[in-house]
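Engineer: Residue strings, one per chain:
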Amino acid sequence: MLDLREVSRQYGAGRICVAALSEVSVAVRPGELVAVMGPSGSGKSTLLAIAGGLDRASGGQVLVDGHELGQLDAGALAELRRRAIGYVFQELNLVATLTATENVALPLELDGVPARKAAAGARGLLDELGLAELADRFPEELSGGEQQRVAIARAVVGERRLLLADEPTGALDSLTGETVLRLLRRQCDQGCAAVLVTHDARHAAWADRVVFLRDGRIVDQTAPADDLDGPETVT
Amino acid sequence: MSIRHSLLALLEQGPLYGYGLKSGFEAATGRMWPLNDGQVYTTLARLERDGLVEADTEADGQADGQKVYRLTGAGRAELDAWFSAAVSREAVPRQELAIKLIFAVRSPSADVHQVIQRQRAATMRSLQELTRLKDDGRTMDELAWTLTLDGLLFQGEAEVRWLDLCEARLAVAAPAPRWAFAAGEAPRNPAGDATAVGKGGRP
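Top to bottom, those sequences are chains A and B. FYI, the working numbering numbers position 109 of the first sequence as 109, with every residue one higher than the one before it. Every position in the second sequence, counted from 1, becomes a number in the working numbering once 1000 is added.
None of these hints come from the bench; they were simulated from the model. Among these hints, one or two may not hold up.
Claimed, not checked - Calculated from the model, a selection of chain B residues having no Cβ within reach of chain A, i.e. all distances over 12 Å: (1) Ser1023; (2) Thr1072; (3) Ala1077; (4) Trp1082; (5) Ala1098; (6) Gln1114; (7) Ala1121; (8) Ala1122.
As the list claims (entries may be wrong) - Covered stretches of chain B, going by a simulated chain A footprint (3 or more residues, C-beta under 8 Å): (9) 1009-1022; (10) 1152-1165.
Glycine residues also receive a C-beta, built at the ideal position from the N, C-alpha and C atoms.
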């Protein structure tokens, strides 16, 4: 679903050139949740932005659902982002004047789905995710955890099968954060691919695989013993 | 881990045979800390000696000579005191990882960054496995089991955070001297080079 091949990203040029990512390769299959961990400045958010087509790689290839992002013009890239990729950020970015249903329906409407059909699709999804009771509430009437669960619903509505989440549990307490991660996990169990950027080892532990970044490079990755023989160095 | 107090807590629910105590402990803790028979019966003998439990030889089902254990008043008081007191951090087993890092930082042959990353990856794998267990949603004693796993998960998370901090400190710290320890001597630097460091340090 997502394939980063020797992706590099430099900012600036000449003597003040900074390498945010250096030849990073990561593939995420449908059904797989991959966590990315590393210290501040290690390139985690840059990796996520490039995977989501929000930033361009300086080198290497980024494939989403078989499309190489570097080959797409701005219009095609925007369409792919809208149709294939869902984003969940720490900043919730729910539209304050829309209900949960309308927020979830928004990406469908932007994609040309008639409003009534989009709303029905959104309600169906909220119901499926156990969020039906939140459907008619506005963001200010929802707790932080409820808002984040609605944001996940919005991220997966329609045919989007790649979720990119950047510290989605940032300000939430432990139990509420767990409900958000459980929902993210369920989406992957049902076929989505997801990348989760987090500082928190307990949250990363929900992933099938944990990738460690340092100074823009992958230094290690790990999965439970039955998935990998042991820590694999992929420098 | 206090086997002694765990057995008292199990007996609070009612009298049990030694085997029932063993299996009750393992069921409550998700078999995270398996006990052997010797640990159980030695602990029960001490509890009986100290008057915290009594063995009832007159109860039903004694044909095979098994004892049924029950909590005494003194045992209940001991259990109450255990629940009332905080666990002493002094009681935490020796920190093998901390000791390993102390010597890795000073070692001419160890790569302390690798020591840290190996540990971080191993702890992370363990956290993934614990999370899978938690997500499996057992029904028997589910709450107690979840609390046990939560405790282990938070300990693992704390270890990873500590390793992250160790790595960050190493990156900014003054280089550690490459000391050699010789019997009967104060630590010395055989190279006479105050800036020489192990592979993990920065020159």
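Engineer: Each of the hints needs a verdict: does it hold here or not?
Structural biologist: Here's how the hints hold up against the structure:
1. Ser1023: B/Ser1023 clear of chain A: closest Cβ-Cβ about 27 Å, beyond 12 Å.
2. Thr1072: 38 Å, holds
3. Ala1077: Answer for B/Ala1077: holds, closest chain A Cβ roughly 34 Å.
4. Trp1082: B/Trp1082 clear of chain A: closest Cβ-Cβ about 26 Å, beyond 12 Å.
5. Ala1098: B/Ala1098 clear of chain A: closest Cβ-Cβ about 18 Å, beyond 12 Å.
6. Gln1114: Non-interface label on B/Gln1114 violated, nearest chain A Cβ at 9 Å vs cutoff 12 Å.
7. Ala1121: 4 Å, violated
8. Ala1122: 7 Å, violated
9. 1009-1022: As far as the stretch 1009-1022 of chain B goes, the hint is violated, because 0 residues have Cβ atoms under 8 Å from chain A.
10. 1152-1165: Coverage by chain A holds here, the residue count being 7 at a Cβ distance below 8 Å.
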